[in-house]
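Model the full assembly from the supplied sequences, consistent with the hints where possible.
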Amino acid sequence: MSEAIFNLDASVRSDLGKGASRRLRREDKLPGIIYGGEEAPVSITLAHNKVFQASEFEAFYSHVLTLNVDGKAVEVLVKDMQRHPYKPKIMHIDFQRVIAGQAVHTNVPVHFINEESSAAVKAGGVAEHHLTEIEVTCQPKDLPEFIEVDMAGVEMGQTLHLSDLTLPAGVASVELAKNDEAHDLAVVTVKPAKGAAAEDSEEEATEE
Numbered sequence: 040m041s042e043a044i045f046n047l048d049a050s051v052r053s054d055l056g057k058g059a060s061r062r063l064r065r066e067d068k069l070p071g072i073i074y075g076g077e078e079a080p081v082s083i084t085l086a087h088n089k090v091f092q093a094s095e096f097e098a099f100y101s102h103v104l105t106l107n108v109d110g111k112a113v114e115v116l117v118k119d120m121q122r123h124p125y126k127p128k129i130m131h132i133d134f135q136r137v138i139a140g141q142a143v144h145t146n147v148p149v150h151f152i153n154e155e156s157s158a159a160v161k162a163g164g165v166a167e168h169h170l171t172e173i174e175v176t177c178q179p180k181d182l183p184e185f186i187e188v189d190m191a192g193v194e195m196g197q198t199l200h201l202s203d204l205t206l207p208a209g210v211a212s213v214e215l216a217k218n219d220e221a222h223d224l225a226v227v228t229v230k231p232a233k234g235a236a237a238e239d240s241e242e243e244a245t246e247e
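Numbering (the working numbering), first residue to last: 40 to 247.
Rather than coming from a laboratory, the hints here were simulated on the basis of the structure. There's no promise every hint is true.
Here are the simulated DSS-like pairs of lysine-lysine, each with C-alpha atoms no more than 30 Å apart in a straight line [unchecked claim]:
#1 126 x 89
#2 217 x 180
#3 161 x 233
#4 118 x 180
#5 68 x 118
#6 180 x 111
#7 128 x 68
#8 128 x 118
#9 128 x 57
#10 217 x 230
#11 111 x 89
#12 68 x 111
#13 57 x 89
#14 118 x 57
#15 128 x 89
#16 217 x 118
#17 111 x 128
#18 68 x 89
#19 89 x 180
#20 68 x 57
Nothing here was measured: the structure is a model prediction, and the numbers come from that model.
The following block contains the structure:
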């Protein structure tokens, strides 16, 4: 994957307000903001097409990015992105500063592996994904691009919860840290196909 998606050029902007933002968008530029840490928030401008291309990659949302703000490198995470309701256009983007030595809180996407080859799915089971991302906390250097959920040993009718996952070293689940069973969220369940369940019920009724 090209490192270009993790490095973006930006400029500090002083012309603020809705009118200024509209002018920037007409010029194919993207208004944004950097906040967090002990420094004051900074309004910035980026090239829309560069950010839009980068946003097509999943890793863009869970990777520590480098913004070159008027020549100064700033490490950040994407915290919010506003898109046009129907046009392929980003309207505004928020970045949070990443401070070395300080833990970050962010959402990391989930990748389900060995799903098609699992015995339960081969037997007609359907994997129902309850989560597509997991909120984690970790040091910036330990931030994973995604978290793998291995479906190989999941049985029919079984549900995997957050506590069943093996997270990368140095990474902790924000929900599990609350030490409450209610926060041990379901991640995936393998259920019998609806048609198969109906057939089983009909067979039981016939036998009776």
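Hint by hint, here is what the structure shows:
1. 126 x 89: holds (17 Å)
2. 217 x 180: Distance ~24 Å between residue 217 and residue 180 Cα, so the pair holds.
3. 161 x 233: OK: residue 161 and residue 233 at ~15 Å, within 30 Å.
4. 118 x 180: holds (18 Å)
5. 68 x 118: holds (19 Å)
6. 180 x 111: Holds - the C-alpha atoms of residue 111 and residue 180 are around 20 Å apart, at most 30 Å.
7. 128 x 68: holds (11 Å)
8. 128 x 118: Cα-Cα ~17 Å, so holds.
9. 128 x 57: holds (16 Å)
10. 217 x 230: holds (29 Å)
11. 111 x 89: OK: residue 111 and residue 89 at ~18 Å, within 30 Å.
12. 68 x 111: holds (19 Å)
13. 57 x 89: Answer holds: residue 57 to residue 89 is near 22 Å, not above 30 Å.
14. 118 x 57: holds (21 Å)
15. 128 x 89: Measuring from Cα to Cα gives roughly 12 Å; hence the hint holds.
16. 217 x 118: holds (22 Å)
17. 111 x 128: At roughly 27 Å apart (the allowed maximum being 30 Å), residue 128 and residue 111 satisfy the hint.
18. 68 x 89: Holds: residue 68 and residue 89 sit about 10 Å apart, inside 30 Å.
19. 89 x 180: holds (25 Å)
20. 68 x 57: Distance ~14 Å between residue 68 and residue 57 Cα, so the pair holds.
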